[in-house]
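Just so you know, the sequences run in chain order V and H.
Sequential numbering of the first sequence, starting at 1, is according to this note's numbering.
Sequential numbering of the second sequence, starting at 387, is according to this note's numbering.
Derived by calculation from the structure, the hints in this document are not laboratory data.
Don't be surprised by glycine CBs; every beta carbon is placed ideally from N, CA and C.
If you want the footprint, here are the derived chain H segments under chain V, 3+ residues with CB under 8 Å:
(1) 456–468
(2) 653–661
(3) 736–750
Number of protein chains: 2
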Amino acid sequence: MSRPPWLDDADERVARAAWSRLAEPGDHDAGRFVRRFGAVAALRQVYDRGPVGVEVSERVSQGEAVAARWRVRAGDLDPRRDLLHLDRFGGRVVVPGDPEWPTGLDDLQHRAPFCLWVRGPRSVAPVMESSVSVVGARAATWYGERVAGDIGVGCAAAGITVVSGAAYGIDAAAHRATLQADGVTVAVLACGVDRGYPRGNDRLIEAVADSGCLVSEVPPGSAPSRWRFLERNRLIAAMTRGTVVVEAAWRSGAQGTAHQALELGRAVGAVPGPVTSALSAGCHRLLRDGATCVTDAAEVVELVSPVGFLDLGPPGTMRVAAVGEHDGLAPLELRVLDAVPLRSAAGAAAIARTAGLPLEQVQAGLGRLEARGLAEVVGRGWRRVR
Amino acid sequence: MSRPPWLDDADERVARAAWSRLAEPGDHDAGRFVRRFGAVAALRQVYDRGPVGVEVSERVSQGEAVAARWRVRAGDLDPRRDLLHLDRFGGRVVVPGDPEWPTGLDDLQHRAPFCLWVRGPRSVAPVMESSVSVVGARAATWYGERVAGDIGVGCAAAGITVVSGAAYGIDAAAHRATLQADGVTVAVLACGVDRGYPRGNDRLIEAVADSGCLVSEVPPGSAPSRWRFLERNRLIAAMTRGTVVVEAAWRSGAQGTAHQALELGRAVGAVPGPVTSALSAGCHRLLRDGATCVTDAAEVVELVSPVGFLDLGPPGTMRVAAVGEHDGLAPLELRVLDAVPLRSAAGAAAIARTAGLPLEQVQAGLGRLEARGLAEVVGRGWRRVR
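Just need the whole structure built from these sequences, with the hints factored in.
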């Protein structure tokens, strides 16, 4: 197979764009091949009959065998066409080394994408610095969509980018809420960034492209496939600082994303739900597998924030529900309080006897209870304030 | 203060029964004092004016100071009266060293109870060998009571003793379901075992006494107090192999029990619920603090069973919800399946091109898909089976 003319002056960017059409996402062989020889040289081997170079070592022969795999697809390959098409709607190709390349992807090693096809005003790498993936079931419940929305709003307020897959259900709820709260949201697609999938989310996907960005590792015009959906999930896991699963069935794509994030050492959170809901079973499974329980936006922000960076405000400001009368009492004070009568007053000695405590401790405890408005002096004794 | 006549021939059991009336549950000083001198000698020091022994070392002086604390309560002390009263309704006192003494309590060290006042046909230690505490909110929801009930039934079937505190809500639901499933259940009370608390659970508490047992560290006739409720929780945590919290507010007694269990190295589980429910907030907090997420009785049984002991049955028999067409397919097969057309058939070479895979792998993959009924030969090509 003869080399196409465009390959003669192709640079690494063009060659990587070509590879993204030649090999399927996450293909180990192609990834290793490109990492070993570089995208341009590896591409030339696909077209050349024999291996590149003079020395026919075993290593090069292996490369030749691998190269042969993509010849069948290389016939009408022309990345310039894809780049031109992308250019028409303001897209760009991002490759390793570019300032916009999210370095988290490098953790995928030979499973890293060859390039990212990107559309939208936001630069990918900077918005991923502080980011979280919010993923979950397509057939989400009202509960799940509400929680995903709350997380989107909270992340927007905290300046954290919300990344998801533009699917129905949890994905859409997270994107939508973040947009409405003027936050930054990024959709990672399993198809080309020139087409929205699913169709029903077309307008949402365009809105994401208008203010955040769309990202894909497959070139414009590519259709989604089950394989591409699965592999897309690894990008979501690798690009962000952490992944939160809001609702997921016992087996689900969102769980796959979370497990990839765990393997990559990213923070992983799962939102609990009723044990009677099949759509929370996957989240509970993740909690058993080591995910962190997250119940609100504040906990999601905490999950993906560097340790010590975060100020959650004074403890209890957000979460304390009912505070009982004895909350905050030291054990000693509680024991004294138990011994103070409700109706007729009792002397400190009697209270000490009832409490089984030394008199001087009881006297000090009564003073503190009085200061808290829990006990009062009546005549010569003490009584509880109701 | 002169020694009462009964103390002259009191043995360790009688002396410990006396201590259980003299000192409040969990009193560190009393616990250390009794551990150091033995219950009988420590009791004699309470009555004697000076310290026991000839040598007035600093250590003994400390003992004397401590002993003075209980003199005020020792006036009308007579443990024989308590023992006689207990005997009338078939109760007994269990002390360390007895075969019925649950050795888990020894982990509490100087916070261990002096004795247990017990009523019911079951011997405490044997039924605690395989046991779980099921605790939670008094003001439980229908959801929480249902889950507690399911756990009770499942534990009964697995031969695991269900321990709780006989309170309204989760406690009562767990006891009741276990009883109805002919399981063993034990109620640990904050009051004497001769009286039920709360009154509304009188019949339930009597039913527990009839088939399982009632346990308390305070003597018959004792009223519950907030302090005693809190300290009762440490017994529940220490006696059982693990503690499961079903529903609990952000601050709650059940959470206290769980934290004590964690400190004692016991297994701790928490049942998740909607993040919108204040009564699940405590459970979610526990999950963040290291508790295991448990969603059904099987997971509770697993939690408190020795590792490797348990047979949960073939994986997936209980929990797999919807199994999609591509579940169980190897990545390669999935990629081949993605490339097999739905309508008009395609040859293996064309499929290999679409899939970006070597021809021989695609041929093998097609064979496996055919065997699974996912692809079929039509003419000279392959088509997906819908």
